[in-house]
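Add chain R to chain Z, keeping to what the hints say.
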Amino acid sequence: MGDLDFIKVKHLHIDYDKLDLNLLNKVLQEETSFQWCISCGCCTASCSAGNHTTFNVRRISLLLRRGEIESLEKELEKCMLCGKCTLVCPRDIQLRNVVMSIKKNILKYKMTAL
Amino acid sequence: MKTYFQYPFLIGMIFLFAYLIYLYVRWYTKLSRFDKVRFKKFWGTKKVWRAIYDSINDGLLHASIFKKNPVLGYMHMSLAFGWFLLIVIGHLEVVVAKGGFNFPFYYAIFFRYFEPVHATTTAQIFAAVMDFLLLFILVGVALAITKRFYKKIFGMKHTTKLKPLDKVALYSLWAIFPLRLFAESCSAAVYHNGSFLTNTTGAWIGNIANNPVIYQSSWWLYSFALCFFFIALPFSRYMHIPTEIYYIFLRNAGIKTKKNWESYAQIQLYSCSRCGVCLDACQLYDAGISDVQSVYFLQFIRNKEDAEKPLFGCLICGRCQVECPVHLNLNDLRTALRIKASKPLTFSYSYTQKPEQQSADTIYFAGCMTHLTPGIKKSMAKIFDYAGEKVWFMDEDKSICCGRPLMLAGQYDSAAQLIEKNTELIKASGAKNLILSCPYCYKVFKEDYMLPDINIKFHANYIKELIDQKKLPDTKLNNTVIYHDPCELGRGMNIYQEPRDVIEHYSHRIPLQKSKDKDKAICCGAGLGGINLTGDAKNIMTHNAMTYFDKFNPDILVTACPLCKKTFVRDRRLDVLDIAELVVKAIEQPNEPKALPHKEKSYAVS
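Here the protein sequences come in this chain order: Z and R. Per the working numbering, the very first residue in the first sequence carries number 19; after that it's consecutive. Per the working numbering, the very first residue in the second sequence carries number 6; after that it's consecutive.
Any given hint might turn out to be false.
What the hints assert, rightly or not - Taking lysine-lysine pairs in the DSBU-like style, the calculated list, with each CA pair at most 35 Å apart, reads:
{"no.": "1", "chain 1": "R", "residue 1": "K166", "chain 2": "Z", "residue 2": "K122"}
{"no.": "2", "chain 1": "R", "residue 1": "K51", "chain 2": "R", "residue 2": "K521"}
{"no.": "3", "chain 1": "R", "residue 1": "K264", "chain 2": "R", "residue 2": "K395"}
{"no.": "4", "chain 1": "R", "residue 1": "K263", "chain 2": "R", "residue 2": "K103"}
{"no.": "5", "chain 1": "R", "residue 1": "K481", "chain 2": "R", "residue 2": "K451"}
{"no.": "6", "chain 1": "R", "residue 1": "K403", "chain 2": "Z", "residue 2": "K122"}
{"no.": "7", "chain 1": "R", "residue 1": "K52", "chain 2": "Z", "residue 2": "K126"}
{"no.": "8", "chain 1": "R", "residue 1": "K261", "chain 2": "Z", "residue 2": "K126"}
{"no.": "9", "chain 1": "R", "residue 1": "K52", "chain 2": "R", "residue 2": "K359"}
{"no.": "10", "chain 1": "Z", "residue 1": "K92", "chain 2": "R", "residue 2": "K264"}
{"no.": "11", "chain 1": "R", "residue 1": "K426", "chain 2": "Z", "residue 2": "K126"}
{"no.": "12", "chain 1": "Z", "residue 1": "K121", "chain 2": "R", "residue 2": "K51"}
{"no.": "13", "chain 1": "Z", "residue 1": "K26", "chain 2": "Z", "residue 2": "K121"}
{"no.": "14", "chain 1": "R", "residue 1": "K359", "chain 2": "Z", "residue 2": "K121"}
{"no.": "15", "chain 1": "R", "residue 1": "K309", "chain 2": "R", "residue 2": "K73"}
{"no.": "16", "chain 1": "R", "residue 1": "K525", "chain 2": "R", "residue 2": "K462"}
{"no.": "17", "chain 1": "R", "residue 1": "K73", "chain 2": "Z", "residue 2": "K122"}
Calculated directly from the structure, the hints in this document are not laboratory data.
Pulled out of the complex, with its shape left as it was, chain Z reads as follows (with noise of 0.2 Å):
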């Protein structure tokens, strides 16, 4: 096992008995549609945000299961809310309302934090 290097990566690692669902499951319970992504990746070809940085609606579904929230709060304020993504998904998730939803989940996560 020792040769396997990725496993050394300790920050990487998600620890699922300290992983903090509730941020996902209150987004899923406000925006079903999100759950039915197949990470075909339409929406980050067709993103406006996309084509000056390296954001990736893929990568906020990854971050949000990972329970990564600093980043994914960093990640979406490049958002520009066009809504290009929402009408290009094939699956019809109506991605406005899903980084809408995050984000303000996140302000009330950290709320209650606090």
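Relative to the frame of chain Z, chain R by itself:
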């Protein structure tokens, strides 16, 4: 003889007036300094006459509801105008009978009780007029009661749901006039001081009216009904009666709804009469959503209930605003609350890269949505070629959003960052013209960008200019077209005629509605205002819109908005083109005349 039955009425009246004065003064003091100046200067200008005209037309006669449905209009008018006349003529009657103003002010309300004898011809004429007015109102009350059960005859699919205090006010309002009839009929039975109505009903109930207990209590009941109505009024929807007049005067003084929720917005909130006209205008009903409509939304706000979901669930298409008989700025009110609700959320766009700066006389800004519909971009490029215009395609790569989608989500501060970036690019180019092919971009560039030296044009207007200057070839397509008015362009920016002119120049347009109804055009269902609408809800609205268009059996559905186009192409019943694409199609068609093409449905299998 000393009487006491007027006291409930007096208590109600005094409470109502005291509370109203308190509210009026409070609202006035909370207006911004400029608005106060505006309102002070307004008195003494000609606009006052306009305000008085509006008050009579909307507040008393309810002309705009009349135009919508005469029965509904009669119902509102009989109660408002009828009661107004009853009060005015009632007082006049007392003045004539008394030969002066020497009487307590409640005297006119209970005149038949206090003045049992009337022998002169004048008094009899007055009695006849008063009876006629009472009948006029009673018919209105009967209609109001009927409306609760058979709303269809009023041309309404929906009536508003009521709160408990609304019910108290509503039932006491319904009770006032029948009770007045009963009380006056009792007087008429005893003293024969009525006219055609009260004397007749008095003759029927003559036996019981002669009983002093019933006679007295009939007037007590009338007084109590008034008392209940006056006390419930400020806490019910009937608060719109005094507030609407105030609102009409402020509106005519030129006061505008602000971006933050303040006094003027509060006055509009109280001016909503909950008539429910906006309900039938709302397409969200198609999708089974019945809490977003303006009337309920304002009710939630007034009752201080949680309204976050309805707040962000509206398409901001503006159809309710057009229909509103009180002329409330419903879109602005909703936006003001969205700004308030999403204030703590922040965005930051320091990462954006600058596109290669060019200098040009004319700039074309496609906008995000046009990038999703490349046909429009290509068509615009061809049109520029035909016109011989040298254009800098500003957001060809590294496009920065115009900011309007953020604003619709209430994020005005974040949008300001994008506005600044785009403004900088445009100013550095030294351009004189800016051409846009998206109504969302057009609205924000026109209203929120500080570009005083630049002529901002929507592409339909630009094409119209090119046609007028004969810079585009003169051809005509041999097919029929219907034009869908995008919400942001029509109701949002009041551009209706130019796109129609362009279409009629290149094709044969089938009119969708009478030209006076052009501001009632339907929404495609995907308006960027609808933040938390589900995909299913949007699809239902799009489907219904397409069904409506399909009935006209056109060859092509033409719109002037990339978002509408993108939405409609998903429903494959009709070919959908943007106005620029139609123009290019017409220009590039083979010149020999063709027979009218047989319409084939893309999904037809034979």
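Verification of the supplied hints:
no.	hint	in the structure
1	R:K166 - Z:K122	holds, 31 Å
2	R:K51 - R:K521	holds, 28 Å
3	R:K264 - R:K395	violated, 38 Å
4	R:K263 - R:K103	violated, 51 Å
5	R:K481 - R:K451	holds, 32 Å
6	R:K403 - Z:K122	holds, 28 Å
7	R:K52 - Z:K126	violated, 48 Å
8	R:K261 - Z:K126	holds, 34 Å
9	R:K52 - R:K359	violated, 49 Å
10	Z:K92 - R:K264	holds, 27 Å
11	R:K426 - Z:K126	holds, 31 Å
12	Z:K121 - R:K51	violated, 50 Å
13	Z:K26 - Z:K121	holds, 32 Å
14	R:K359 - Z:K121	holds, 27 Å
15	R:K309 - R:K73	holds, 31 Å
16	R:K525 - R:K462	holds, 24 Å
17	R:K73 - Z:K122	violated, 41 Å
Going down the numbered hints, you'll see the structure goes against 3, 4, 7, 9, 12, 17, while the others check out.
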